[in-house]
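There are 2 protein chains.
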Amino acid sequence: MKRVFIALSLLAWTVVSAQAQTSNSPVVSNRIVLVIHGGAGTILKSQMTAEREKAYRDSLTFALKRGYAILKNGGTALDAVEATIKVLEDCPLFNAGKGAVFAHNGKNELDAAIMNGKTLEAGAVAGVTTIKNPISAARSVMEKSGHVMLIGKGAEEFAKGEGIEIVDPSYFYTEERWRSLQKAKKEDSLKAAGKAMKGSAILSNSGQNPDHKFGTVGAVALDRYGNLAAATSTGGMTNKKYGRVGDSPIIGAGTYANNETCAISCTGVGEVFMRLVVAKTVSDLIEFRHYSLQQAAEEVIMHKLGTFQGSGGLIGVDRQGNITMPFNTEGMYRGYMKEDGTVVVKVYAGE
Amino acid sequence: MKRVFIALSLLAWTVVSAQAQTSNSPVVSNRIVLVIHGGAGTILKSQMTAEREKAYRDSLTFALKRGYAILKNGGTALDAVEATIKVLEDCPLFNAGKGAVFAHNGKNELDAAIMNGKTLEAGAVAGVTTIKNPISAARSVMEKSGHVMLIGKGAEEFAKGEGIEIVDPSYFYTEERWRSLQKAKKEDSLKAAGKAMKGSAILSNSGQNPDHKFGTVGAVALDRYGNLAAATSTGGMTNKKYGRVGDSPIIGAGTYANNETCAISCTGVGEVFMRLVVAKTVSDLIEFRHYSLQQAAEEVIMHKLGTFQGSGGLIGVDRQGNITMPFNTEGMYRGYMKEDGTVVVKVYAGE
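Residue numbers (the numbering used here), protein chains in the order written: chain D, 1 to 351; chain L, 1 to 351.
Hints may contain errors.
[Said to hold, decoys possible] Lysine-lysine pairs mimicking BS3-like chemistry, simulated, CA-CA at most 25 Å apart: (1) D:K191 with L:K144; (2) D:K183 with L:K144; (3) L:K241 with D:K160; (4) D:K183 with D:K241; (5) L:K107 with D:K144; (6) D:K241 with L:K153; (7) D:K346 with D:K54; (8) D:K144 with L:K183; (9) L:K241 with L:K183; (10) D:K185 with L:K144; (11) D:K185 with D:K241; (12) L:K153 with D:K107; (13) D:K185 with L:K153; (14) L:K304 with D:K144; (15) L:K183 with L:K45; (16) D:K241 with L:K160; (17) D:K153 with L:K160; (18) D:K191 with D:K241; (19) D:K153 with L:K241; (20) L:K107 with L:K183; (21) L:K107 with L:K185; (22) L:K118 with L:K144.
Quick caveat, the hints were computed from the structure, so don't treat them as lab data.
Take the sequences, apply the hints, and build the full model.
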């Protein structure tokens, strides 16, 4: 049943054509880099079928190739990350766009952000329910609204006016995500019942079970003009409270790009990432303490995050083309392509 | 007419009783500090009546005394900043709570955030239209929701469930703010008409006129247990796009507190503060580059902000009780009280 679901979903996966636009900036290097993630969490080989794992790896590869082609053809980092995220948003396997999880009220509430490292311009949308590709709405906010963040109906009205594709909320229905919501609600009921029993062993709940929590897609890129960009998109948490916004659309928390330092996209328990302002902290460790990208990212993800019972990971690229993909969970869907054109895709820790 | 309005408004200004709660933490010093702001912008003595200036100064003094009494009686920084902000939210003079400006759609959309420097716990609400004191809703989000940020109807539903006072949106109607919206809309029309004329001299618009842009209230405090807290609340921008969220409710942008460094609340052109992640940058300059609070705040407000055509200011206090109140505009409503109990209130630059 699940196999059929995945196969059909992937067949139905509409590929959005992305126009590669060349930049007017001078070429500064042949270095081009694209790094992506599809969420971190309890991703265990023991719980994965070979078929499902292949579907994830194929999808990540497809998304990487889409964004990489833009960079290769002289396109900008900004175009590359937007196009890559659109591919991942359209794929039902990831918790963003089409594959978004359900909030407690049975709706899919989507958030996304994009940032241009050259100008520090940024755009974000949160709590939208009818925008097919929230990342494109975020880009429109950045480029055309005069604002950085628009939420809810206001964001949808703006996006519609800008010609962004609007869909019926039913577009985001997937059987698998709906089942996850029912399961999470059932666990919550059990937990509530358990609370009444002193010394109950029932401790898990949808807020603590990493299975429900993780899932975000992200992309960061370096183009041949020396510009960095970052983009993140998410469907939030299964069974989350109506109106909850996580770190993904928050500039500095889940998404940040600055040509002087790095481009970062995070995935994990959004609340901790917001409190620690993770992405900007990585950038500031590079700028103010002269850490390398890897040192900075590991300091935050492998040390600081755990102190606050946070889990998740991030992807990053710096202006020299160095990359980092640290996470403190069992796995993180991730991959990258550099100027040699080799596709690298990984799922589990230690891979 | 305006005099009567101010006088009546201040009479109607409901004083919310704030319970001073003592903390369980050990007293580490007799140092207590409360710093507040009521917005920055084109605040010129030439455009101010003596009566209006007095109303502002009296209101700031009243708010300071409210929060200070809590600190003096052994209350926490968190309680002090919340109580102070509630006073400012209830005062029609400031753009937050009762005095919130109108968005383009004729609604008052409110945002607020609060952060506990001891635990790095944080809470925020955005785009709410029926919560009398958004800062208290933000505190409930922090303490009871398991999330950091709730927006729109979801935030209102949660707040209602927590017993936070809900009001009819008409509560936020003030004649002065309504006139400002009509004026801004008229200017936009003139601007749109002007755009059609090549070489038109009409350049101003509601997005560029600082008169429409500024207005936020903020408080930061240090309590005798050595804990810092920050809180910010705003009604946004007059004539802003429906659904726009600025820096105030964004942890790291307009609001941030960390016992290891400082507590910060910002006011100004929210979009630039978001792109620069201002509050966290000040904290990181202290943590990673060992700047003093004043050096860090001035670096961001007096140098960096201008590079991005940003204007505004911030208030800050560090763990040693040092304070800072830099701004790059003509004025900023601001003030502070320290352990000696003297009230200091300032309005213009150079004061």
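Against the structure, the hints come out as follows:
{"no.": "1", "hint": "D:K191 with L:K144", "verdict": "17 Å, holds"}
{"no.": "2", "hint": "D:K183 with L:K144", "verdict": "23 Å, holds"}
{"no.": "3", "hint": "L:K241 with D:K160", "verdict": "14 Å, holds"}
{"no.": "4", "hint": "D:K183 with D:K241", "verdict": "16 Å, holds"}
{"no.": "5", "hint": "L:K107 with D:K144", "verdict": "22 Å, holds"}
{"no.": "6", "hint": "D:K241 with L:K153", "verdict": "11 Å, holds"}
{"no.": "7", "hint": "D:K346 with D:K54", "verdict": "11 Å, holds"}
{"no.": "8", "hint": "D:K144 with L:K183", "verdict": "23 Å, holds"}
{"no.": "9", "hint": "L:K241 with L:K183", "verdict": "16 Å, holds"}
{"no.": "10", "hint": "D:K185 with L:K144", "verdict": "19 Å, holds"}
{"no.": "11", "hint": "D:K185 with D:K241", "verdict": "12 Å, holds"}
{"no.": "12", "hint": "L:K153 with D:K107", "verdict": "13 Å, holds"}
{"no.": "13", "hint": "D:K185 with L:K153", "verdict": "21 Å, holds"}
{"no.": "14", "hint": "L:K304 with D:K144", "verdict": "24 Å, holds"}
{"no.": "15", "hint": "L:K183 with L:K45", "verdict": "22 Å, holds"}
{"no.": "16", "hint": "D:K241 with L:K160", "verdict": "14 Å, holds"}
{"no.": "17", "hint": "D:K153 with L:K160", "verdict": "21 Å, holds"}
{"no.": "18", "hint": "D:K191 with D:K241", "verdict": "17 Å, holds"}
{"no.": "19", "hint": "D:K153 with L:K241", "verdict": "11 Å, holds"}
{"no.": "20", "hint": "L:K107 with L:K183", "verdict": "15 Å, holds"}
{"no.": "21", "hint": "L:K107 with L:K185", "verdict": "14 Å, holds"}
{"no.": "22", "hint": "L:K118 with L:K144", "verdict": "17 Å, holds"}
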